[in-house]
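Trainee: Sequence:
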Amino acid sequence: MKHLIISEYGIYLGLEAGRLVVKNKEDRKYFPLNRLATVAIAKRGISFSSDLIEQFSLRGIKLFFLDFRGVAHSMLVGANQHAVVQARINQYRYIETNALDISIRLISAKIKNQRATLSYFNKHHKSANLLKAIEELKRSTQIIKNAKTLNDVLGYEGYAANIYFSALAQDKFLSESFANREGRGSQEIANSMLNFGYAILSSYILNAITNAGLEPYLGFLHQKRPGKMSLVLDLMEEYRAWVVDRVVIKLREQYKNKKHMDTKLKSALISQIQATIAKKYIYKGKKLRLEHIIQRQVYRLSGEFAGEHNYKPYVFKW
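Sequential numbering of the sequence shown, starting at 0, is according to numbering that gives the first Met the number 0.
Hints listed in this document are in silico derivations from the structure and should not be mistaken for laboratory results.
Some clues are possibly wrong.
Below, simulated SDA-like cross-link-like pairs (lysine to any residue); rule was C-alpha separation at most 25 Å, straight line [to be verified]: (1) K147 to K42; (2) K42 to V21; (3) K1 to L62; (4) K147 to N97; (5) K42 to G226.
The whole structure should be built from the sequences, with the hints applied where relevant.
Mentor: In structure tokens, the structure reads:
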């Protein structure tokens with residue numbers, strides 16, 4: 000199934016013979032509706048056909064609207080795409096008593112995937128800094144098991160992130176101007192790339208959560224506050240380093256002399272993240288596209304909420 004991101008001003012989206020037609024002046028591209036999973040609008044000034052919106056709703060194709068940072072602020076789904084009530088009841092009950100245990104598992108996997116990402120690049124760029132960071136991250140996956148509170152988990156997560164990004168900064172794997180990790184609103188080019196990439200990833204996670212009937216605003220680690228999709232942020236953690244950071248590092252030559260992310264660079268980032276999510280990885284003895292792995296992982300999480308499965312975060316092999 001295809002996940003389409005529209006990021007150019009002035010495009011028109013319409014319906015033609017059971018296909019989505021994307022019109023940009025004289026240029027036209029066609030996408031069969033039966034092959035579409037989601038469409039994300041990442042630019043202002045884009046118009047739609049009401050017939051297309053109706054078909055999206057009837058077929059269960061989700062339409063996301065992203066802000067200038069790439070963060071989804073709206074999602075349009077059909078009225079029949081309702082949540083499974085019992086799944087959300089299970090989620091509420093589980094998180095009341097098990098938030099610490101699953102948070103430890105999740106952040107331990109995040110650190111392992113940060114380590115896998117450093118190891119991936121160390122294969123071709125031997126570095127004492129990377130080797131040191133790889134060993135420190137390995138120790139961190141053991142230390143985090145001692146966490147007694149969610150604040151402890153967040154502390155260990157922050158410590159590991161500092162090791163990870165410091166190693167990338169020291170060896171200039173990101174931009175020359177990258178000194179440390181900066182969140183949303185950063186004007187530094189590598190941080191802007193990372194932030195936009197995480198926003199793209201979040202739309203995939205949100206789609207998987209919605210498909211499973213879970214509540215995206217009720218997470219177990221990230222702070223619960225109005226407007227914050229805590230569960231999306233939680234479940235992104237195990238994928239951030241491999242899916243986004245690795246791509247941003249690979250694209251370094253395209254942005255190392257730029258100060259801001261332009262349309263061409265944004266398109267390259269979108270394309271490479273989509274390619275990563277479409278790639279097949281080993282999952283329980285089978286090769287599956289990563290988007291299918293993400294969906295199965297969310298279903299397994301729902302199973303743990305119901306007491307039917309044990310959720311094991313996904314760790315990438317480098």
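Trainee: Which numbered conditions among the earlier hints are violated in the structure presented, ordered from lowest to highest?
Mentor: 1
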